[in-house]
Amino acid sequence: MTQFAVRDTKAPSGFFANLPAPVLPLFLLQPLLRRVVRRIARENPGMFNRLGPHRSATYLIDPTNMPFRLLLRPDPENLMLRAVSRRSAPAFDAKIAGKFLDLLRLMDADEDGDALFFSRELEVTGNTEAVVCLRNALDDVDGSIAERVAGMFGAPGRASLSALRRAGDRAHEKSKDSL
Amino acid sequence: MKNAPELVCPAGTPAAMRTAVEAGADAVYCGFQNATNARNFPGLNFTPDEMEASVAGAHAAGTKVLLAVNTYPPAGKFDLWKDAVDLGARLGINAFIVADIGVADYIARTYPDIRLHLSVQAAASSPEAIRYYCREFGVKRVVLPRILTVPEIKQIKTEIPCEIETFIFGNHGLMVEGRCSLTNYVTGLSTNMDGVCSPAAEVQYLRDDDGSTTTKLAEFTIDCFSCTDTAGYPTICKGRYRAPHRDDSYYAFEEPISLNLSALLPDLIAAGVDAFKIEGRQRSRAYVRKVVAAFRTAVDDVMADRPPMLADLLALTEGHKQTEGAFKTKTWR
Amino acid sequence: MDAKLTLGPILFHWSVDVKRDFYARIADEAPVDTVYLGEVICSKRAPFFDPYIEEAAERLTRGGKKVVISSLAEVMLKRERKSAADLAEIETHEVEVNNSAELFHISGKPHRIGQYFNTYNAETMRYLAGRGATHFSLPAELPRDSVAQMVEAGAALGTPVEVQVFGRASLALSARCYHARAHKRHKDNCQFVCEQDPDGMKLTTVSGQEFLAINGIQTLSHTFVSLLAELDDMKSMGVSHYRLVPHSQDMVAVATIFREALDNKIATQEAESRLCALGFPAEFSNGFWHGVAGHLRMTGTSAA
Numbered sequence: 001m002t003q004f005a006v007r008d009t010k011a012p013s014g015f016f017a018n019l020p021a022p023v024l025p026l027f028l029l030q031p032l033l034r035r036v037v038r039r040i041a042r043e044n045p046g047m048f049n050r051l052g053p054h055r056s057a058t059y060l061i062d063p064t065n066m067p068f069r070l071l072l073r074p075d076p077e078n079l080m081l082r083a084v085s086r087r088s089a090p091a092f093d094a095k096i097a098g099k100f101l102d103l104l105r106l107m108d109a110d111e112d113g114d115a116l117f118f119s120r121e122l123e124v125t126g127n128t129e130a131v132v133c134l135r136n137a138l139d140d141v142d143g144s145i146a147e148r149v150a151g152m153f154g155a156p157g158r159a160s161l162s163a164l165r166r167a168g169d170r171a172h173e174k175s176k177d178s179l
Numbered sequence: 180m181k182n183a184p185e186l187v188c189p190a191g192t193p194a195a196m197r198t199a200v201e202a203g204a205d206a207v208y209c210g211f212q213n214a215t216n217a218r219n220f221p222g223l224n225f226t227p228d229e230m231e232a233s234v235a236g237a238h239a240a241g242t243k244v245l246l247a248v249n250t251y252p253p254a255g256k257f258d259l260w261k262d263a264v265d266l267g268a269r270l271g272i273n274a275f276i277v278a279d280i281g282v283a284d285y286i287a288r289t290y291p292d293i294r295l296h297l298s299v300q301a302a303a304s305s306p307e308a309i310r311y312y313c314r315e316f317g318v319k320r321v322v323l324p325r326i327l328t329v330p331e332i333k334q335i336k337t338e339i340p341c342e343i344e345t346f347i348f349g350n351h352g353l354m355v356e357g358r359c360s361l362t363n364y365v366t367g368l369s370t371n372m373d374g375v376c377s378p379a380a381e382v383q384y385l386r387d388d389d390g391s392t393t394t395k396l397a398e399f400t401i402d403c404f405s406c407t408d409t410a411g412y413p414t415i416c417k418g419r420y421r422a423p424h425r426d427d428s429y430y431a432f433e434e435p436i437s438l439n440l441s442a443l444l445p446d447l448i449a450a451g452v453d454a455f456k457i458e459g460r461q462r463s464r465a466y467v468r469k470v471v472a473a474f475r476t477a478v479d480d481v482m483a484d485r486p487p488m489l490a491d492l493l494a495l496t497e498g499h500k501q502t503e504g505a506f507k508t509k510t511w512r
Numbered sequence: 513m514d515a516k517l518t519l520g521p522i523l524f525h526w527s528v529d530v531k532r533d534f535y536a537r538i539a540d541e542a543p544v545d546t547v548y549l550g551e552v553i554c555s556k557r558a559p560f561f562d563p564y565i566e567e568a569a570e571r572l573t574r575g576g577k578k579v580v581i582s583s584l585a586e587v588m589l590k591r592e593r594k595s596a597a598d599l600a601e602i603e604t605h606e607v608e609v610n611n612s613a614e615l616f617h618i619s620g621k622p623h624r625i626g627q628y629f630n631t632y633n634a635e636t637m638r639y640l641a642g643r644g645a646t647h648f649s650l651p652a653e654l655p656r657d658s659v660a661q662m663v664e665a666g667a668a669l670g671t672p673v674e675v676q677v678f679g680r681a682s683l684a685l686s687a688r689c690y691h692a693r694a695h696k697r698h699k700d701n702c703q704f705v706c707e708q709d710p711d712g713m714k715l716t717t718v719s720g721q722e723f724l725a726i727n728g729i730q731t732l733s734h735t736f737v738s739l740l741a742e743l744d745d746m747k748s749m750g751v752s753h754y755r756l757v758p759h760s761q762d763m764v765a766v767a768t769i770f771r772e773a774l775d776n777k778i779a780t781q782e783a784e785s786r787l788c789a790l791g792f793p794a795e796f797s798n799g800f801w802h803g804v805a806g807h808l809r810m811t812g813t814s815a816a
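Residue numbers (this note's numbering), protein chains in the order written: chain W, 1 to 179; chain R, 180 to 512; chain D, 513 to 816.
Treat the hints as calculated values from the structure; they're not laboratory data. Quick reminder that beta carbons are idealized off the backbone N, C-alpha and C, glycines included. Be careful, since some hints might not be right.
Over 10 Å on every C-beta distance to chain R, these chain W residues come out as not near it, computed from the model [claimed, not checked]:
1) R35
2) V36
3) R38
4) R42
5) T58
6) R69
7) R87
8) A89
9) R135
10) G151
Capping the alpha-carbon separation at 25 Å, the derived lysine to aspartate or glutamate pairs in DMTMM-like fashion look like this [claimed, not checked]:
11) K319(R) x D292(R)
12) K99(W) x D387(R)
13) K594(D) x E315(R)
14) K696(D) x E434(R)
15) K594(D) x E331(R)
16) K696(D) x D387(R)
17) K621(D) x D598(D)
18) K99(W) x E315(R)
19) K395(R) x E123(W)
20) K556(D) x E229(R)
21) K747(D) x E664(D)
22) K336(R) x D598(D)
23) K507(R) x D700(D)
24) K594(D) x E342(R)
25) K516(D) x E782(D)
26) K395(R) x D93(W)
27) K714(D) x D427(R)
28) K256(R) x E742(D)
29) K516(D) x D762(D)
30) K696(D) x D453(R)
31) K696(D) x E707(D)
32) K777(D) x D744(D)
33) K747(D) x E782(D)
34) K590(D) x E315(R)
35) K590(D) x E331(R)
36) K95(W) x D388(R)
Using the sequences and the accompanying hints, generate a full structural model.
This is the structure in structure tokens:
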């Protein structure tokens, strides 16, 4: 079984620190991810229309500074979001890679994903149209998905999200300065 | 005292429309999920049901809804445009934004009471061209191409019988709109007929061994970015190419850059501009909220004779660069 | 139906002498029925050849050609607006309209609609024909099936339809001069650097692919459109006018090949090999006609 430390060296303490243990086996993460994706799907049935044919696509979401990657198939009939080990090489239609905080900001309606993209902090490979569709579908979800996910973990989750956002802003400012 | 110009804001999705309305848009513009509008991008735009609910929502907040039906129907597909117009009329939209003469004629005959706006896609850049559309179809407002200086806009205003809308922020369109087949040349999908510009399905980002990124549209390389460059979406007119007499690869048409006319707002109002348009139906809600809110405040400040305080919009611009383009100086040409 | 061959306006900045010689030779030797004169792309170039247009028109008329004067595709500046107004007063020749500013002046009088005016459907044709349009030259990107429907509409309206069958395809117009930009100049001080490139300036991608051709404010295809293999189909659907876009190679030879192909005097294959032998600086394409990427060359049902 693959085990990994969930605490990102650069991430603030909080949300992840509050997970059951500093070291979390993938199999414990899976039910959590399933809950998250089912909840988002249930609350936003309209978003799947925007994906068109790409709802059956497999997206590999790669937070490059985390020890795992995520596989997403946003098909309401056949929903999947699961973590995979970095050592596995799953088949995918489109891949979005970037630092965890940047990926969070892309998903987070408080941030402009295009701006992030223009700054080259994200890397898209494979079917670009599928990625654009996913982005547009997520963008049509009212409120912040990140906030809702954080909300599922109560007050500690929300506190962690705002800490993450602050860290993200700082990292972003820093990278702008270094240009 | 001048009338305050209308702030016309992009809505690519229902959520974006709600966001624009909340952020202070006087009007929003949007389109259906098909070739009838010039932002026919994957995952974007409105189903008929979404449009119905969104129009109702915007109207409840006192915001006008302008429907873009601004592409050119190729012979054999005209009914799709007719249907979009009929549906828009039934849902109570406040104006149609059109470019094609056949579509304009259909609207003028069928729905004479609904306002017609001439799209930038019609490329009407002279008083005579604008007056032609006013005379023939009763056009009430022209969206000017992004190629005119402020004094030229002022001059045009004195010679035409309709309102003027100018772009103030967003993508900096270089080619005369409605006259560009570059995407069709490369991909087989047409900007005019399909509402498509550099379709994502044909876009590829290739990471090279040295860490640089090559962007391709179908089989053509549009640009190559070193690790330190900021990347652009591979739009043909924002790519880098080589010419026989030059050693370097260069932006043959334009750099990835965004239009930002925030500093020219007082001049544009003085020139008689009736509406300010923010580009970006393909952009995120976060973009819509930030840009609309910033320009809402700026326009209100100018109207109240306060110096406009402008939030830094640079991060939202393409390539993190901004320009006043042709509006400021003719040397842009 | 009698298939007419036409020679479109010269798009590039050729010197006065070159243009005079060109039209003299066309007048005497080229089997074309109609010749379009006048500067379409850049109003700064117009003063050079304008004084010789009448002379060229007379020469071409003596050679049995019909002469049509084409209007500017872009009208923005004072001199361009004046030119649009003046053109509408011409009585000696038909005028081809490439911009709605021209239409403003000429609507109500008989006129032709040019390639640079967006006529994409029968509804637009009907509207314009109702106000004096007598002839439609269609945008280069229109696919076959749309053209077929417009030819049908044209037959009902009594307005012939013209399609470009040879030469680089116009892909875009801009207010900015890309020739000047390539030489680090502005449009206002361009010093007519576009004169260096009689068929446009070649633009290649950073990976070395030949891609586009720059002609001042105009961007054209690198490939040369050739619809030799499509002529039979076009004739059977009723296309009446076939446009050649002038290039610096032997246009009399090009016209002769297309004339013979239209008259079924030579087979497509022979026509194509003779065209190839004239030495154009690019591949041929017909993608737009087949509704695929414009740069492609389709043979039968597949890209070659």
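- Message: Verify this label for me: R42(W) is non-interface relative to chain R, using a Cβ-Cβ cutoff of 10 Å.
- Response: Holds: least Cβ distance 17 Å, greater than 10 Å.
- Query: Does D387(R) lie within 25 Å of K99(W) when you go C-alpha to C-alpha?
  - Reply: This hinted pair holds, its Cα atoms lying about 19 Å apart.
- Can the restraint linking K507(R) and D700(D) be considered satisfied, given a maximum Cα separation of 25 Å? Status holds; Cα separation ~15 Å.
- Query: Taking only the CA atoms, is the gap from K395(R) to E123(W) under or equal to 25 Å?
  - Reply: holds (14 Å)
- Message: Does E664(D) sit within 25 Å of K747(D), going by the straight-line distance between their CA atoms?
- Response: Given pair K747(D), E664(D) holds - Cα atoms ~12 Å apart, limit 25 Å.
- Query: Regarding the pair K696(D) and D387(R), is the alpha-carbon distance no greater than 25 Å?
  - Reply: The hint is violated at about 31 Å.
- Are the Cα atoms of K594(D) and E315(R) separated by 25 Å or less? holds (21 Å)
- Query: Quick one, are K516(D) and D762(D) close enough, alpha carbons at most 25 Å?
  - Reply: Satisfied, since the Cα-Cα distance of roughly 20 Å is no more than 25 Å.
- Query: Do the alpha carbons of K594(D) and E331(R) lie within 25 Å of each other, as the hint requires?
  - Reply: This hinted pair holds, its Cα atoms lying about 16 Å apart.
- Straight-line alpha-carbon gap K556(D) to E229(R), limit 25 Å: violated (50 Å)
- When you check the alpha-carbon spacing of K777(D) and D744(D), does it fall within 25 Å? holds (12 Å)
- Query: Going straight from one Cα to the other, do K590(D) and E331(R) come out at no more than 25 Å?
  - Reply: Roughly 10 Å separates the two Cα atoms, so the pair holds.
In terms of the numbered hints stated before, the structure departs from hints 9, 16, 18, 20, 30, listed from lowest to highest.
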